[in-house]
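Enquirer: Each chain, written out:
Number of protein chains: 2
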Amino acid sequence: MTQLHHSTVPNTKSQIQDPFWSEYIRLVREVVVPYQWEALNDRVPEAEPSRAITNFKIAAGQTKGDFYGMVFQDSDVAKWLEAVAYLLGTQSDPDLEQIADEVIEIIAKAQQPDGYLNTYFTIKEPGHRWTNLAECHELYCAGHMIEAGVAYYQATGKRVLLDVVCRFADYIDTVFGKEPGKLHGYDGHQEIELALMKLYHATGEEKYLKLSSYFIEQRGVTPHFYEEEWRKRGKTSHFPQLTMIFDHAYSQSHLPVREQITAEGHAVRLVYMCTAMADLAAETGDPGLLKACRKLWSNIVSKRMYITGGIGSMEQGESFTMDYDLPGDTAYAETCASIGLIFFAQRMLRISPDSKIADVMERALYNTVVSGMSQDGKKFFYVNPLEVYPAAHGKNKIYDHVKPERQGWFGCACCPPNIARLLASLGDYVYTKQKDTLYVQLYVGSKIDLEMAGKQVRIEQESKYTSNGEVSFRIHTEQATPFTLALRMPEWCDQVEVTAHGKRQVFKSGDEDGYIRLNRIWEPDEVIDVVFSMPVLRMKAHPLVRQNFGKVALQRGPFVYCLEEADNGAGLYQLRLPAGSPFEVQPDDQLHEGLNVIYATGERWTAAEGWEEQLYRSDSRWNKESAPLKFIPYFTWANRGLGEMSVWVEETQSKDV
Amino acid sequence: MTQLHHSTVPNTKSQIQDPFWSEYIRLVREVVVPYQWEALNDRVPEAEPSRAITNFKIAAGQTKGDFYGMVFQDSDVAKWLEAVAYLLGTQSDPDLEQIADEVIEIIAKAQQPDGYLNTYFTIKEPGHRWTNLAECHELYCAGHMIEAGVAYYQATGKRVLLDVVCRFADYIDTVFGKEPGKLHGYDGHQEIELALMKLYHATGEEKYLKLSSYFIEQRGVTPHFYEEEWRKRGKTSHFPQLTMIFDHAYSQSHLPVREQITAEGHAVRLVYMCTAMADLAAETGDPGLLKACRKLWSNIVSKRMYITGGIGSMEQGESFTMDYDLPGDTAYAETCASIGLIFFAQRMLRISPDSKIADVMERALYNTVVSGMSQDGKKFFYVNPLEVYPAAHGKNKIYDHVKPERQGWFGCACCPPNIARLLASLGDYVYTKQKDTLYVQLYVGSKIDLEMAGKQVRIEQESKYTSNGEVSFRIHTEQATPFTLALRMPEWCDQVEVTAHGKRQVFKSGDEDGYIRLNRIWEPDEVIDVVFSMPVLRMKAHPLVRQNFGKVALQRGPFVYCLEEADNGAGLYQLRLPAGSPFEVQPDDQLHEGLNVIYATGERWTAAEGWEEQLYRSDSRWNKESAPLKFIPYFTWANRGLGEMSVWVEETQSKDV
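Protein chains in written order, with the numbering used here: chain A, 1 to 657; chain B, 658 to 1314.
I should point out that these hints are in silico values taken from the structure, not numbers from a laboratory. Everything numeric in this text was worked out from a predicted model, so none of it was measured. Note that CB positions come from ideal geometry on N, CA and C, so glycine has one too. Mixed in with the good hints, there may be bad ones.
As the list claims (entries may be wrong) - Going by beta-carbon spacing under 8 Å, a handful of chain B positions derived as facing chain A:
no., residue
1, L1107
2, F1240
3, E1266
Unchecked claim - Facing chain A, from chain B, some residues (calculated, C-beta under 8 Å):
no., residue
4, M962
5, I964
6, N1053
7, K1092
8, Q1271
This is chain A alone, in the form it adopts within the complex (with noise of 0.2 Å):
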């Protein structure tokens, strides 16, 4: 039996409930996590089948059949019980845990004798174990299982998935590690890293830490494992297309990861590598790979970041580009690594506090990954553009990975489960606490207990952030408690207002870390009131993003804005707003409940009449119209049928300027 262990990491964790959130958790509840289920058992009659459940049956010796889908279908399987686990922790759902039980215990028979797990390599290359790590996903698969197992012991205090998980990591840790006749290898797709370490923080077992530190430091150690795996195996691959054994930026293996300072490759896989190695740093106080961690950090968000939140500037190995390449109609800018950037977020600011690693978390969450997942809950996008052309789609093919609708589920199989774990878990990302002080991360209607200085205390925080900026938090003590509840200035408020026992204060800034401290012996109930102002900015890229140069795009509280077609008409990229033209917010329920479009006074311009047949001609000139503007929050594009879509729009100068 496993050491039970109390976490290192404060309990942080809140229930959420949000006017604009618990709608989307509620979806991950009815709609996601019950399609997922039908999905996996091969119910779905317009999806190829996933055969994800029966290939842990074959394993587990209770059906004959041969194995079917990736190399990394389990993981399907291990996200979908993450899920699971955070929804019922937050809210008791009996059938749905009998039906987890049921596959837990299916998992736990597929486990073999030794520990190991992983239904591809036991049915179909039971020999092969552990000869491709560049490329067969056997330790990521394993990550998503520890992950699952620590989640749903969390949520239900049922050690059966945790026990499985515990043997699985006890024998990685056999075939792993620095000592001769060990592997000294590590996984093409980071992910055994960050959960290990949850499954230490869960257990307090040492020996998890030590193999997650052994995997983040043997990155990128020459001479390449990927290579020398790939001759001791005869020179095969199980991808030939692929250029995973040889590209090793793409794996972040180009070098020791204490060495890398740009973000580089697969974007999900780099910020997998950071959570982990955050956890890491957060737990063995390591100063050097706590840098690494900042210089990370630090070219992602000030080099590499759509002002979506978005990373990964294109397709071509779901990667990151270059500095300042940040093209709109070609990006990536996947949901699922918007998600991996939430978590390297998350796990900086459990090290510190910093609001503008929660700015980066909150433009992520509330752009991003909420554009990721329709309205319904049944539509998904995996790529995330800041521009799309329609007509263009089907016929340029440098978009083809683009789509400008969402997609049905299995269009995008990896990222509708990853939105699904992080908005069931989204009570884990409210809050952060250091010593005595709790840090108010997001601005999300939530409810908390917690021990501050000893003694048990609720916050409930009510939040109208996404319409009006208006939060406020009732602070229950049994007894008076000094502890400081610290509000995260974020980046685009210029001035806050905080009552409480009927004092207004005005905050134009934070302390140096960016938070507002309120320091106080706090009574049985208390009431703080606050306001953040909600100016419409015209936010410009870096001069050195050569694609938005020119160009600006609105954002009001955490949303960005972007110009549909269904709004402004057709031809975005003929519109033009004037510099200092004025503003008007107003509320739209039409496309989302509670929210602000906002209008302007803009130009369309046209070119003269008369082209017929004429591709180029030196006799145009372009004429100007008073154009009115819309614009609407970019999460809540392609809802209105198939149409073009900008976040970035041409500024001219007016005339007075």
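Given chain A, put chain B in place with the hints provided.
Expert: Quick look at chain B alone, frame taken from chain A:
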């Protein structure tokens, strides 16, 4: 013996003597063709061996070995021979002719007893002739050999290769055709069709015309031949990673050619096909075929052509995309495709003169084609972008096909021989003749001897067209001869002065078809002096070309201009050209002798200071600084090291507009 025939196409071959073009032709003669000869014989140490000559020797039984190279390796030898033929046609070179004769001897020996000639199938797949027309370029290679045979015969009077290709064509005629028992197919890459028309014109053998017509008319008929032959051969593919068998639009076989109204698929294939269609229409007078040619021509030049005369908007499939989709930075605009467009234009001009068609021919020739070869004849562009930002190359893989500097031969094996054969035969493109009118399509210094009104006439064109727009014609007749010299009025020209016998006439436009007709009885020795005004034009693209909206490109005379980093500093995307700003045209021999550059006063927009590590800000403004701009002819770009280049520049409105 084949019966020789006087071609139905009037002979309008001229000898080039031009300050601009003669140097390029010299490079073809002294650098390109000798280099390719070395390459074909595997004597270029830095290049992968070609083995193309060895393949022929093996097939000829002169040596032993395996076939090496692409399925279309033979065509490299054919294109070389064709270029050699054109060179020999303009200047005697006994050494070169002897080498060519020896190669032709080997080719003749490689021909099989039944007339078949293809080293790939002869050596490597002897039992599989004509089993994979979709992918294997068998008739494409035949076509290039036919073109070589015709050209060599016309240049030297030697019939060996002509007889070889006639035997081959006769054999092909027994294999393909509508009769039962024959194959009802056509090649994946059009070429045989235009080649058979040349063979028909050279020999008068109507069966070659009929066979060409058969291939053209059979194309796109259902059931689809490529799928039929695929089933017949057991559903195998030579190139499973490619989509040639099922992507019918790629090879313009998605519809019968007469029903095709938009230019789809691989650009080179399309224009080669159209060239043959126009040849056939000219010969047969078939109005339906001519209509199809005109529709496709119109679609290309009015909706799918770059301002440089480049065609093919994407790398995937080296293909057209859709109307008005003309990205500059991810353009394909293959040099070979513009060469094919010139072939098509020439055939259309032979049917009926139309200055707009010749304008396109000139546009492609003076911009994309001549840009394709470096000024030392040693480096080449395969892809001709209209915008490059070299820092992103190698980083963002959407640019992987675009090279910011010309490459050595083997970076782009198909374009150099195509440039060579076009430039070596440039004398065929200067004039066309209809009855007693000689049309000047290109203002290239040259000498032509031909029959007008039944009498011998010599016309010497002396041209400073590329420098200052001055051209003169010296017309030699033996006796007074009535005919019309029709001068093309270029689209970019607003005024032409024509001086004859001391009499100066000014034309603001040509006749309805765009030509200024000088209809005279020409005395034995007359001189016509022509001066074309060459204003600097601010070209705009059709307002549906979203990539160029709000931008202008400069053109002067036949040359499109561009901005380069070498002259204007880094960050070309920050430059703006105010509407109405004046231009200064200055000769600049540094880039290219006798050419002019254009100076203008523009603006450089910069962002306010203080960005540091910020990626997005709401408090930054654009500053405008005056910036001297220097524009150079597009074709001279990339001769001064790696740097940014842009044809299109943002236009700002002057305040008084």
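Enquirer: Is the interface hint satisfied for K1092(B)? The criterion is a beta-carbon contact with chain A at less than 8 Å.
Expert: Violated. Min distance 29 Å.
Enquirer: Against chain A, with CB atoms and a cut of 8 Å, does the hint on I964(B) hold up?
Expert: holds (5 Å)
Enquirer: Minimum Cβ distance from F1240(B) to chain A below 8 Å?
Expert: With a minimum Cβ separation of about 12 Å from chain A (threshold 8 Å), the hint on F1240(B) is violated.
Enquirer: Hint validation: Q1271(B) versus chain A, beta carbon distance must be below 8 Å. Holds or violated?
Expert: holds (7 Å)
Enquirer: Mind checking the CB of L1107(B) against every CB in chain A and telling me if the closest is under 8 Å?
Expert: Violated. Min distance 34 Å.
Enquirer: So, as I understand it, the hint says E1266(B) touches chain A; can you test that by seeing if any CB pair is closer than 8 Å?
Expert: Violated: closest Cβ of chain A sits about 10 Å from E1266(B), beyond 8 Å.
Enquirer: Checking hints one by one. Is N1053(B) an interface residue toward chain A, by the C-beta closer than 8 Å rule?
Expert: holds (4 Å)
Enquirer: Minimum Cβ distance from M962(B) to chain A below 8 Å?
Expert: holds (6 Å)
Of the hints listed earlier, those the structure fails to meet are numbers 1, 2, 3 and 7, in rising order.
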